[in-house]
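Use these hints to put chain R onto chain B, whose structure you have.
Heads up: the protein sequence lines correspond to chains B and R, in order.
Oh and the first sequence: position 331 is 331 in the working numbering, straight run, nothing missing.
Just remember that the working numbering sits 1000 ahead of the position in the second sequence, which is counted from 1.
What the hints contain is simulated information worked out from the structure, not anything from laboratory work.
Honestly, I wouldn't trust all of these hints.
To be verified - Among the chain R residues that face chain B by a calculated CB cut under 10 angstroms, a handful are:
1. Ala1024
2. Lys1025
3. Gln1088
4. Val1105
5. Arg1124
6. Arg1139
7. Pro1195
8. Thr1239
9. Ala1261
10. Val1266
11. Ser1341
12. Arg1463
Unchecked claim - Beyond 10 angstroms from chain R on every Cβ pair, some chain B residues (computed):
13. Leu98
14. Ala209
15. Asp300
16. Pro413
17. Asp430
18. Glu469
Quick reminder that beta carbons are idealized off the backbone N, C-alpha and C, glycines included.
Number of protein chains: 2
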Amino acid sequence: MDNDSSSRIAAELREWIETAAPGAKLPSTRALVARYGASPVTVQKALRALTAQGLVESRTGIGTFVRAIRVARPHDYGWQTGALGSPQNRMPQLSSALRTLPNDVIALHSGYPDRELLPERLVRSAFTRAARGDAAVSRPPAAGLPELQAWFAAELGGATRAGAAPPTPGDVVVFPGSQSGLSTAFRALVGAGRPLLLESPTYWGAILAAAQAGVQVVPVPSGPQGPDVDELARAFERTGARAFYAQPNFANPTGARWSPALAEQVLDLVRSHGAFLVEDDWAHDFGITADPAPIAAQDDGGHVVYLRSLTKSVSPSVRIAAVVARGPARERILADAQAESMYVSGLLQAVALDVVTQPAWRTHLRHLRHQLAARRDLLVGALREHAPGAVIEAVPQGGLNLWARLPDSTDLPRLARDCESAGVVIAPGDEWFPAEPTGKHLRLNYSGPNPGAFPDGARAIGRALSEQEGSRRG
Amino acid sequence: MDNDSSSRIAAELREWIETAAPGAKLPSTRALVARYGASPVTVQKALRALTAQGLVESRTGIGTFVRAIRVARPHDYGWQTGALGSPQNRMPQLSSALRTLPNDVIALHSGYPDRELLPERLVRSAFTRAARGDAAVSRPPAAGLPELQAWFAAELGGATRAGAAPPTPGDVVVFPGSQSGLSTAFRALVGAGRPLLLESPTYWGAILAAAQAGVQVVPVPSGPQGPDVDELARAFERTGARAFYAQPNFANPTGARWSPALAEQVLDLVRSHGAFLVEDDWAHDFGITADPAPIAAQDDGGHVVYLRSLTKSVSPSVRIAAVVARGPARERILADAQAESMYVSGLLQAVALDVVTQPAWRTHLRHLRHQLAARRDLLVGALREHAPGAVIEAVPQGGLNLWARLPDSTDLPRLARDCESAGVVIAPGDEWFPAEPTGKHLRLNYSGPNPGAFPDGARAIGRALSEQEGSRRG
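Next up, chain B with everything else stripped away, as it sits in the complex (with noise of 0.2 angstroms):
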């Protein structure tokens, strides 16, 4: 084998160049070819690797010599781009929403709650108990620690209509955080270049997961009211979708919340395609003046994916959700998972468990459930005082989000500008579209730091807005 003698002349070679001296040259490709009896072109790859390793340089028309220099060239990793080629899914840039701040900056643009709205006590004693307990040191079933697969599976049977099956803990399957479930249906329900219908706008997370599962993603417009049902009818029809995923309850980033007739129209729809529903049940633990009402507690035919996550309500470190799925789709979903991370930490799913079923949860809850509307109303007030320019079309029923439209010829990226100079920080709302953005929003986050600051973020806005409505006038 050419591949094998050349990396043998290779390692000779190298044996010599650690003596050498700098500078020094290496014998000629004929002298190398007559001393190991290979071909040239196996000298020449030798001597490629060689170069490649910063060993020698070759210098064209005189020769090939030891490096002066050996260290500290800042490398240049080009080779791996033609390696790698393109990328075969394009995957959009991490969402502002991740971003991590200074303290002194007004942050409307984050998805995560503040550490005041989350049960800390809960939290750090569910950690303390763990610690001690048996999930420390063992290793929990694959589909999940079935007392957790329990505790789901009744929570989402507890609303299951009358007549129906709920689901049994067999037929959950526990994940590290939400996006992973994400990314698992899309995978093990759809696949890369079939179609998957999703809300337009509609949570960034799940276009990055359709994008890197490389599913055909079909967009479904939607609004403050739900996904448009007459559109969502053509889609099924042009495109044989099999899937389409939503958030009916208090969606991110409009706040929708699917009245019991859409619900049912959509269901229908679903149904008569042979379809499935991936509900992303993510506020269930934030409602305000409504509570989440799961499509999947109206079906049992295996129809409605429910997805259902703790870390945003619990702790950002305690990454655990679960899906709800019945027959061959759970099968699938659970092969995908096993094969992306084989199991989930026992200890993390002991701690969601704890916290979820101590009968301080539900106090905090109610809490909570306060504190929202508190932050909710006081952002909706600063905007519609000071920055009229923002039109929050309905204030939101649950979750942690406004959905602000604002006038059509508004600069956005500018405006986003504007406001971080100001010290505030906003989403610009085309990244929650999965295609074309149909408008220019802002999404505005109540759940983040010091709710004191919502009008001076609110008066910012408004400035920036009114400064560029200005400069157009001008």
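Coordinates of chain R only, in the frame set by chain B:
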């Protein structure tokens, strides 16, 4: 829209059904067409949706009736297989190495060290400390906790050969376990449909991750001395592969530790093909009579992508691994990791860092080395005495497993069954082959519970082998 009308008809009929007596006859299709001003197709669609929900049943030629019994019928999810189609990538069954078993069996199948080999006291106190710290309620950066990134970089940097640039903390991406690192590496560096070279036999988790990523698996013959370099060279030439996955130190299952000469040859081959070596250093903490020597320490050209896991040596509850990569490869890996799981629990990262930076961790590893040596020698001795038909071609210098060659005529499934009836659980070697097994093998783990029973285990294996020998002769 037909769909819209059909779901409206279904909704109205559903209201009627709710108050109707079981067995009541629905109006005829013709009557419904007239009542709703809809087409027969639309009416039929509505009726099919109600049938799918178990609310009505149709009797051919007679009509449609309200179902008598609406609950507790076993659901038929057959429609799902139509929606899902055949799996895009056939994934192997979960390995027997993951089975959880009662305490009274002799378990030689497991892939995980027994609890008595874990630094239990260190793990528990790290969790207790972390429960009081910031990590319990905060969100770390997507690539990992900076202090943990620095630790991984420093560990590999400490072994980096003189003259080469050591990795930086920014080269490290933290994962929720090494399985996630493998899946991401295969997706990000290879991608669906493209060739990936794998040792044969190799770790079954890597075979599973490769199947999930949909890469084209190319087996390269390997054994107790490591991969066959000529075959590796041929595989690179023939397939144009740009990546080779391998375990150069204490490979699972063969126990192979590459000689320095082999390591250099493989690295030269990888470099001359402009390719990546995905080095899985799974047994870094399990050296016995040799220390692991990562190939990544020989390379600063971005050719080696290094995977280091703490789950097996720290605790199954601390699912933490890292991938060290440079250049565009690192960017691709981070982008996939974020799309897959957004970020890894900061608390688990803090616990992992706490454990491995305690002085007692070093003491634990020294003690572990003696325990593994004693267990390995006990099992090797017992097999040589009681099961001479199971040949250990090379006693591994580290790791957790013995790779025993059996007579070619062995009926492996029968052997596994016979051993299990005798209370001994073994892992048939076939699962470790990415394509056809090239011989009959057992993988026997010496880090499981109750090493005192190893002689009994070996006796059971010996008896089962003799019985097969006897029945062939008889």
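Here is how each hint holds up against the structure:
1. Ala1024: 16 angstroms, violated
2. Lys1025: With a minimum Cβ separation of about 20 angstroms from chain B (threshold 10 angstroms), the hint on Lys1025 of chain R is violated.
3. Gln1088: Because about 5 angstroms separates Gln1088 of chain R from the closest Cβ in chain B, which is inside the 10 angstroms limit, the hint holds.
4. Val1105: 17 angstroms, violated
5. Arg1124: 5 angstroms, holds
6. Arg1139: At about 4 angstroms, which falls below the 10 angstroms cut-off, the nearest Cβ of chain B leaves the hint on Arg1139 of chain R intact, so it holds.
7. Pro1195: 12 angstroms, violated
8. Thr1239: 13 angstroms, violated
9. Ala1261: 7 angstroms, holds
10. Val1266: Result: holds, 8 angstroms to nearest chain B Cβ.
11. Ser1341: 5 angstroms, holds
12. Arg1463: 31 angstroms, violated
13. Leu98: Leu98 of chain B is in fact no farther than 10 angstroms from some Cβ atom of chain R, at 7 angstroms.
14. Ala209: The claim breaks: Ala209 of chain B does not keep its Cβ more than 10 angstroms from every Cβ of chain R (closest is about 6 angstroms).
15. Asp300: Label violated. Min Cβ-Cβ 7 angstroms, cutoff 10 angstroms.
16. Pro413: 22 angstroms, holds
17. Asp430: 18 angstroms, holds
18. Glu469: 36 angstroms, holds
Hint compliance for this structure: hints 1, 2, 4, 7, 8, 12, 13, 14, 15 are not met, and every other hint is.
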